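Visitor: All chains should be modelled from the sequences, with the hints used to inform the complete structure.
Line by line, the protein sequences are chains A and B. So the numbering used here is basically just the index in the first sequence, starting at one, shifted up by 1094. So the numbering used here is basically just the index in the second sequence, starting at one, shifted up by 177.
Source of the hints: derived by calculation from the structure; they are not laboratory data. Be aware that a few hints might be false.
[Said to hold, decoys possible] Partial list, derived from the structure: chain A residues whose beta carbon lies under 7 angstroms from chain B:
1) Phe1187
2) Tyr1196
3) Ser1352
4) Val1402
5) Ile1406
6) Lys1415
[Unchecked claim] Take a look, some chain B residues computed to stay more than 12 angstroms from chain A by CB distance:
7) Asp226
8) Lys271
9) Gly334
10) Thr472
11) Val544
12) His553
13) Ala667
14) Thr733
[Claimed, not checked] Quick partial rundown of chain A residues pointing at chain B, CB under 7 angstroms, derived from the structure:
15) Leu1347
16) Phe1348
17) Gly1351
18) Leu1368
19) Met1410
20) Ile1422
21) Ile1433
22) Met1436
Model, not experiment: these values are computed from the prediction. Note that the Cβ used here is the ideal one computed from N, Cα and C, for glycine as well.
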Amino acid sequence: MAVRNTAYVNSKPKKRLRLFSVSQGFDLPFFIILMLILVVGLISLFSASFAYSYYWNDGDSFYYIKRQLVFALLGIVIMLIVSAVDYHILHHFAIPLMVVSYILLGVVLMMPSSTGVHRWIRLPGFQFQPSEIAKFALILLFAHLISINHKRMKTFTAGFLPFMLILGITCGLVFIEPHLSGTILLLCIGIFMMFVGGTRLGYLFGTIGLGAGAFFYMVFVEKYELDRINVWLDPIGTYATNRNEAWQTVQSLFAIGSGGLMGQGLGNSRQKHLFLPEPHNDFIFSVICEELGFVGAVLIILLFALLVWRGITIGMKSQDKFGSMLAIGLTIQIGLQAILNMAVVTNTIPNTGISLPFFSYGGTSLVMLLAQMGVVLSVSRQSNIGDT
Amino acid sequence: MAGKVKNKVTTKAPTRQMWRRSVVVLVILILFCIGIIGKLSIIQIAQADFLREEAVKQQMRDSFISPKRGTIYDTNMTVLSLSATVWTVIMSPKDITDEGVRVKIADELSELLEVDRDKLYEKTLKVNSQYEVVKPKIEYPLAQTLSTWIQDNKLTGVFRIIEDYKRYYPLNNLASAVLGFTGTDNNGLYGLEAYYEKTLAGKPGRIVTAKNGWGDDMPNKLKFEKTVDAQDGNSLVLTIDSVVQYYAEKHLEIAVKETGCTNRGSVIVMEVDTGAIIAMATKGDFDPNEPMTITDPDDLTKIALLSGDERAAAVKKAREEQWVNKPISDFYEPGSVFKTFTAAMALEEGRIPDNWSYYCKGSIVAVPGTKKINCHKYGGHGSQNFSQVLSNSCNPAFVTVGLDLGRTLFYKYFTGFGFTDRTGIDMLSESKVTDLLFHDESELGPIQLAVSAFGQTFKVTPIQMITAMSAVANGGKLMQPYVVQQILDAQGNVISNTQPVVKRQVISESSAAKLNKMMADSVIGGGAKNSYIAGYRMAGKTGTSVKTDQKNTQGTDNVIASFSGFAPADDPKYAILVMLDEPQTAIRFGGTLAAPVAQKIFSEALPYLGVEPKYTEEEIAAMDRTTPSVKGKKVSVARTMLSNLNLQCHVVGNGDTVIKQVPDKGESIPRNGTVVLYTDETELSKTTVVPDFTGKTMSQANIAAANARINIQISGLGLESGEAKASKQSIEAGQQVPLGTVVKVDFVYEDQIR
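Guide: Here it is in structure tokens:
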């Protein structure tokens, strides 16, 4: 993993360290799609958190939306700033950030737990999940490694082993928090980036095969999280006998089903009145489905699909492999997280806590997401996307 | 692609492989999206209805709004039964915060609401409950007091006072057996309340309230509530006239008390043209406001001596007995009243030629070799025509008539008059009529036929009897009796109006007319003469049947004394039936006990019902006179005035001007009554002693009254008769009264005609 500074610093002499270059505009379609998602997300959050906030914040229905708005504005500013920065500067941070996130993932295990899980580091004024930082660190490090090693990506030692080690350590640390959904997300992002980066398909399929095997072994032999699997397979039936276990899934299905084709109308969800757990967070999409119906839900999925398409396009049109892998990695992150969230609330996959990017409540997370989108925009400034 | 970017740094640009693989990733992600959309379409389209239904079940709290139960009116729209708003107190022990509050609630509220303190305290301990009824159906003032108490103690979160309805019967016992009563949840349990339950009840409304995941109501600004109004019940307008009902109950109650009936008594008054029930009385009865309270003093005495299960059983039995609507539920042997129908059959079948006569020897052997059947008159009635046979209620004559008719005809008319079937009156618990109660045609052998012909060995209900009697009065048309005239909706619009139903023509009009005349004669001179009312030609038949299956406490057979008739005989309007079950007096004949009750009810009810009296000359002559004012007039003038009115006068004092008259002007005294004229101040204080009239005939009583210089007003009967004897007087014997005072004296016949 020798880092040859010259290799990437000299790769783009003309634009080197030009922090606030506006000579070339960023990709407007991506920006517009992103802003659309953000606006829809904020409206959804307002509606979804309205009742929940009322009950939990002494009748203040605006508590969550007010905070989220502030963070959204802050996030946009940061995003614009980041988009103006030459992303090549990130080469320097790839390894340090990974080290920092390992430290933080270590620290978080020592933090006081809430109901047995250690996910948050709480500081005065804000709190964050080290796994969120680890995600970015992983994408950055993988992009960095792929871009400098791309000629040797077909080899086992350069194109597979280091990635698997990094991925293994990162996922391992997140898994013991425990944070299953974060682990899965990291794994998927990692595998996808390796795939795009050029790792041999054989290695990848082998890994996926092993992972799948381990998964089935855990579930069907070790009976790991079997209750969760049972709820997944028969939510209504389980609800009748084991209400608590199936509560989240069934309440989500009730909400989505109640929406029908056209929805109950914005603001009219009933399930958000303390039936759905965290309607402003992991289950915000259920509220959207209830209020806006199948049509609204499909439109939102379409928005995410457009964002993913545009993000990957930015990556493919990037002038170099680093920018390309960054944009693709970050885009995959958004797309996968959205898909996993929707898959969970629709009971397409077993329930695991995962938030919907740009929709779910969480100031730090939103700012971090927007900052990362800033990186994608930064890549787009130097891409050839305008030529197509 | 690489070619296009030739001006840029191409060596570091993404490779074709990366490009391809990126497209693969994009495709995979898009496929995932399509997968999600597919799953959404299953949930939101295919399973939407099921899931929405399930969701609504948990989101909504359904509470019911009681509909207001319809009112029951009498025929003049007098309220007999109505629902009024009351309040039910609900407590949510879940919301009680500490022990002190529990004790306070138990202590203060038990006193305020008059409930048991310990039971209330137990309820406050049910910390998981949000719904405990503290006290149902309290009235407005108490609800007000309670509301203040709740607010003063800041317990608005713990208590709710919800609206409810309570059934009231403003006339208390009046028509209680007909009306029945309702249960605590306002459902009809007995009587019309139960029979017309669906009509009266209305449809409950619903309040669908959104609740949140904690099961609480939504906060105010997020409130969601949908109300489906309750549909108030329809009201009933009865054919019963509460005034006639009152007369019926008043006189029946007196009779039941005076005769010491141990199994209550019944009266039915029916409009003969329509079958409408004008009055239907049962005594003893109950107050439907307090249906559980046992009214019979004998039962109460008995129950007081019992305990445990025996007591509970006795209480249950006593309650069920007092609720029974005797006129439609009880069977009895009609006895001689039934002779009316045997007579009707004979007349209809033309078995009674004008020269018909029967010689009664005092008994008859119906079937050779069997026991002889006695007439109630020892020695027999001798030779009688058919009218006399009916009037004398001669058993051997009816045995002969019955045997002459034969079983087929007898059974045909027996069925025709409706004795083998329910009348179909719109009331709860009309007893089912089974052939165990009478002999059907195949069982009607000569002996059974002979005895049935004078009304024994079978049983009928009072409603069957009066319906059949009304057919006789109504030109032979048997009507279906009914008690509900109209059904009104909650706004008072008429929804349905009952039309009289003619069931069938049982006998011809001419036969009916003949029979009417004979029955009217029976009232004037025969067995039913105690039912005579001046101005109204009444037709009727008395009956006394022995309960051969029961003995009373004295070891003699219990009897049922009954009377059934109608008036006016020449144009019958109303029929009446009086039945006294198990009277305990020495003389217990229908003619002695039941007929006077009918007479008293009709003499008040007929004028009220607008039946014009038609007096015979004899009656007019015998009618009471209203005293004129002769005060201040010369004695000679006064004397002439009084004698013109067929009144006597007795002058007291030596003056020539009348200074005082007794009775005063405008009072009613009988023909030939005496008006005492005072002419001298010193004589004003003169008094006389009221003689004892009881047991005297009318002429004896008149003589006694004249001697004492007082007037008697004859009550009960209008015509002078040698056989009637005084039974009661309005001023007790031995009292000092001014000369000329009017004393009311009741006369009654004591004939022993069954």
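Visitor: To test your reading of the hints: which numbers does this structure violate?
Guide: 1, 2, 7
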